[in-house]
Amino acid sequence: MLVVLCAVFGTTSPGFATSANIANILTQSTILLLLALPMTVIIMTEGLDLSIGAVLTFASIVLAITVVTTGSPMLAFLAALAVGLCFGLGNGVLIAAFDIPPFITTLGTLGIAQGLSLVVTDGQSVVGIPRSIENIYSGTAAGIPLPIIIAALAYSVTHALLYHTRFGTYVFALGGNREALKVAGISVRGMLIRVYVFGGLMAGFAALLMTARLNSAHPTAGIGMEFDAIASIAVGGTSFERGNGWLLGTLLGVIAVGVLRNGLNLLAVPSSAQVACIGALVIIALFIDGLRAER
Amino acid sequence: MNTATAKVVRSRLALSRDVMQAFYRLLAVVLLCAMLATLSDVFLTANNILNVLRQTALLFLMASGLTLVILTAGLDLSVGANVGLSACLAASVIKVTGSASLGMATGIGCGAMIGLANGVLVTALRIPSFIATYGMMWMLTGVTYYYMAGETIHGFPPAFRQLGSGYLLGVPMPVYVMVLFLLIGALFAQRTIWGQQIYAIGANPVAARLSGVPVERRLVLVYTVSGAMAGLASLIILARINSAQGDIGEELTLPAIAAILVGGTSLFGGFGTVAGTLIGALFLTLVLNGMNLLQINSSWQPLVTGLIILLAVWIDTRTRRIGE
Chain A
1 MLVVLCAVFG TTSPGFATSA NIANILTQST ILLLLALPMT VIIMTEGLDL
51 SIGAVLTFAS IVLAITVVTT GSPMLAFLAA LAVGLCFGLG NGVLIAAFDI
101 PPFITTLGTL GIAQGLSLVV TDGQSVVGIP RSIENIYSGT AAGIPLPIII
151 AALAYSVTHA LLYHTRFGTY VFALGGNREA LKVAGISVRG MLIRVYVFGG
201 LMAGFAALLM TARLNSAHPT AGIGMEFDAI ASIAVGGTSF ERGNGWLLGT
251 LLGVIAVGVL RNGLNLLAVP SSAQVACIGA LVIIALFIDG LRAER
Chain B
1001 MNTATAKVVR SRLALSRDVM QAFYRLLAVV LLCAMLATLS DVFLTANNIL
1051 NVLRQTALLF LMASGLTLVI LTAGLDLSVG ANVGLSACLA ASVIKVTGSA
1101 SLGMATGIGC GAMIGLANGV LVTALRIPSF IATYGMMWML TGVTYYYMAG
1151 ETIHGFPPAF RQLGSGYLLG VPMPVYVMVL FLLIGALFAQ RTIWGQQIYA
1201 IGANPVAARL SGVPVERRLV LVYTVSGAMA GLASLIILAR INSAQGDIGE
1251 ELTLPAIAAI LVGGTSLFGG FGTVAGTLIG ALFLTLVLNG MNLLQINSSW
1301 QPLVTGLIIL LAVWIDTRTR RIGE
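First to last, the protein sequences are chains A and B. According to my numbering, numbering within the first sequence proceeds without interruption in unit steps and concludes at 295. According to my numbering, numbering within the second sequence proceeds without interruption in unit steps and concludes at 1324.
Hint data in this document are derived by calculation from the structure and do not stem from the laboratory. A few of these clues could be false.
[Said to hold, decoys possible] Taking CB as the label site, the calculated pair distances span:
1. Leu291(A) <-> Ser1211(B): 23 to 31 Å
2. Arg189(A) <-> Thr1319(B): 14 to 22 Å
3. Ala184(A) <-> Leu1027(B): 45 to 53 Å
From a predicted model like this one, the values you see are computed outputs, not experimental measurements. Just so it is clear, CB atoms sit at the ideal spot from N, CA and C, and this is done for glycine as well.
Throw the hints in and build the complete structure from the sequences for me.
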């Protein structure tokens, strides 16, 4: 699918296949990747986190307000992580301890995070972000853009967590065979809480990148990001029902969504139509997934 | 205990639970009214009461079709976006042709087609309903924004506007529509075979299939009805505010889901009533109206709606656990 997309845009748009544009796509995809990685883990536990885009937004606002008032980027970053941690913990506890289905829990917390963002900012942008934060998005180390390095680190950590630790093994079991996990004496609740906390923390990290990229924080900036993340995962071949995930697939899916958005941008397709295209992409991907499942 | 006896026992339990639930919920509504009446002197004015009723009618119309979907243990997250697209298309048709009835047919037809598409995604393609309708929601939002390109369509014929802002015997028109669909919905769900089959699918899809319920066809039906009701609601909004914009339905999905859950319909399917949804819609409208009257910034509304959803589902899970 990724190859098809690249081929289509490569031929229809002359600006697509330039190295500058490709670097651009990769850098822009990093924020999405930071959300899609934990979302993959969450979906593997047969869960879902619809609140992740709204949490990202709220964390970004808290980060911006903290850095503007205190002047300390470190404190601001910690504040963003704390917001992510609180929402992740809240989601996890509601889902695991109160047995509320994930999609409705996170739909509720989506409303809460979105509401808080609006209440705190009164609908206005938070501006005046210092250069030190901005540099995190635009800076380079050894010629490689910093966001790419952060994304690569995040990918490696998630990969290691999922495939080389006991945590990862339990995540696979949570989706595939929850009973076995219970019988083995593992706390399913504790595991679920940890999975959602991971999602919240990654949203906190992503908030740093997003604030740096936009050089401001806006109460609607991250709305719908969860949809791009879900789209990437669906395209990447992780199943929504049977709990088998493929992290590398998510990486490819993120790039595919990035390519699609970028290509449509170059073809001057308005962003509203882009959303419709991604919606169609999700449904096609799920359809293919459904066909595979029947076989 | 054989299955027949179990069924009888369960229906007895369900009845008493039904009555108690309705009682508690009405009590909550009455308490809320009392509270608002003491806190605000505007609340009990005829104008505000009519306004609350009109808002309730709108929320109920959206939520009534969605109630059927949730009774089958499904979910339709696209209702708000559906309202948006249906309203904009209907507005265009009314503007271009000048015919209100053609516009109304367009609105309801568009809503029903979207619902049908959801039904096909959920049944034929076997995509989990919340994911399918979530994708649909974004697709519709995109299409609506693309179609409207930031424009507003306004100024409709007075005859059409009667539907949203007119009165008959001092009662707003939408309230009549609400009562009509409350009766239709309640009769359909409780007194027809199709309605009972919908409950059966929600309670246990495998058992329903084995006892000969055409599960796929009923599912397509409930999603189509939900879509058509969203289309109808879009017409009433259009007639009331007299203009259509791309974001017209955006903030309606969460309150509609909240109204259903507050109304006692279980998210896990098979339990709940359309009448309960009316109580829930009234409750939600009172909360949002009260916040307006007390001059609380509207930014708080998604937050409060989110909290209400979480609380209602939590109560639902608890009662279920006690029931088991």
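Checklist entry - Taking the beta carbons of Leu291(A) and Ser1211(B), is their distance inside 23 to 31 Å? => result At 29 Å between Cβs, range holds.
Next on the checklist: Tell me if the beta carbons of Ala184(A) and Leu1027(B) are separated by a distance inside 45 to 53 Å.
Outcome noted: Cβ of Ala184(A) to Cβ of Leu1027(B): about 46 Å, so the range 45 to 53 Å holds.
Item to check | Range hint 14 to 22 Å (beta carbons of Arg189(A) and Thr1319(B)) holds or violated | outcome: holds (21 Å)
The structure agrees with every numbered hint stated previously.
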